Amino acid sequence: MTRWVSILMITGLVVVILAACGQKGAQPDNKKSTSEQQLTISAAASLTDVTKELEKAFHEKHPNIDVSFNYGGSGALREQIDKGAPVDVFMSANMKDVDMLKEKGKVQHTYDYAHNKLVLIHRKGSDIQRVDQLGDNDQLAIGEVKSVPAGKYAKTFLEDQNKWSSVEERIVYAKDVREVLNYVNKGNAQLGFVYQTDLYVGKTPHSGVEKVSDAPLKSPIVYRMGTVTDTEATKAWYDFMKSETAQHILKDYHFEK
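In this text, residue positions in the sequence shown follow this note's numbering: the first is 1, and each later residue adds one.
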């Protein structure tokens, strides 16, 4: 009898030990799930392709940070952040929109991570190569001047060339540069102003549109980013954008430093 009692006690002890080990072994998974961080980035539409590769490289270094992007015109994104949208990082296609938020104390640290160029495009095969060739039924696509930096740059270029007043009535406005591309690609507009980087789909030249000419400006087009929150994930992205890895990716997608 005593022998059976001893066996039962030993068996019970083993069960308790195994249960304890099982609970202990489950702890790392719980810890892993609670340590996962979220990072929300509002980025200019012209960054749609390059940010996918930036995210991939960032995730390799920070697998516990889940990144999500919100794309649009820089001015529209600024307004969202100004109204309290839950954003951690703002990646603009200009300096002004970031600086406006910083003046209000809604952006902390800033960094100029890239440069771009403005170009005039037409649909492949089109004979129209200058804005003064536009006919009565032709249209010129540019981004909304108030909310899309590329639209503001386009207006500035046309004003510098003394051509704004002559083409203003033929302009069709787009919510971002991607929509400008779409207008020209589908023939809804005969010419359009976009960034040099928009001539590519990822790293491949766009199949439907092509550059007619550069549209040089007196001041460079600077892409500035700003941190909205001060989380560890935000700091990690800010540092990553300064890295050689990020700069190499931006260069591959035809951005300039």
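Careful, some of the hints might be misleading.
Using C-beta positions, here's what the derived DEER-type ranges look like [as the list claims (entries may be wrong)]: (1) PRO86 / ASP132: 35 to 41 Å; (2) THR204 / HIS248: 35 to 41 Å; (3) HIS115 / ALA57: 17 to 23 Å; (4) SER219 / GLU103: 17 to 23 Å; (5) GLU159 / PRO86: 35 to 41 Å; (6) SER35 / GLU210: 22 to 28 Å.
Derived lysine to any residue pairs resembling SDA-like cross-links, with alpha carbons at most 20 Å apart [unchecked claim]: (7) LYS251 / LYS146; (8) LYS56 / ASP66; (9) LYS155 / LYS235; (10) LYS152 / LYS106; (11) LYS203 / LYS146; (12) LYS102 / ASP230; (13) LYS83 / GLN161; (14) LYS96 / ASP252; (15) LYS146 / ARG130; (16) LYS163 / HIS115; (17) LYS117 / LYS56; (18) LYS251 / THR204; (19) LYS218 / LEU120; (20) LYS106 / GLN161; (21) LYS117 / PRO220; (22) LYS96 / LYS155; (23) LYS146 / ASP239; (24) LYS96 / LYS124; (25) LYS203 / ASN182; (26) LYS163 / LYS96; (27) LYS257 / ASP230; (28) LYS117 / ASP252; (29) LYS163 / ASP138; (30) LYS235 / LEU120; (31) LYS257 / SER243; (32) LYS251 / ASP239; (33) LYS235 / ASN64; (34) LYS175 / GLU144; (35) LYS96 / ASP66; (36) LYS117 / ASP82.
Keep in mind that the hints were calculated from the coordinates and are not lab data. Keep in mind it's a predicted model, so treat the numbers as computed, not measured. Where is the CB? At the ideal position from N, CA and C, for every residue including glycine.
Worksheet entry | Structure versus earlier hints, numbers of those that do not hold, lowest first | 1, 2, 6, 7, 9, 10, 11, 13, 14, 15, 16, 17, 20, 23, 24, 26, 27, 30, 35, 36
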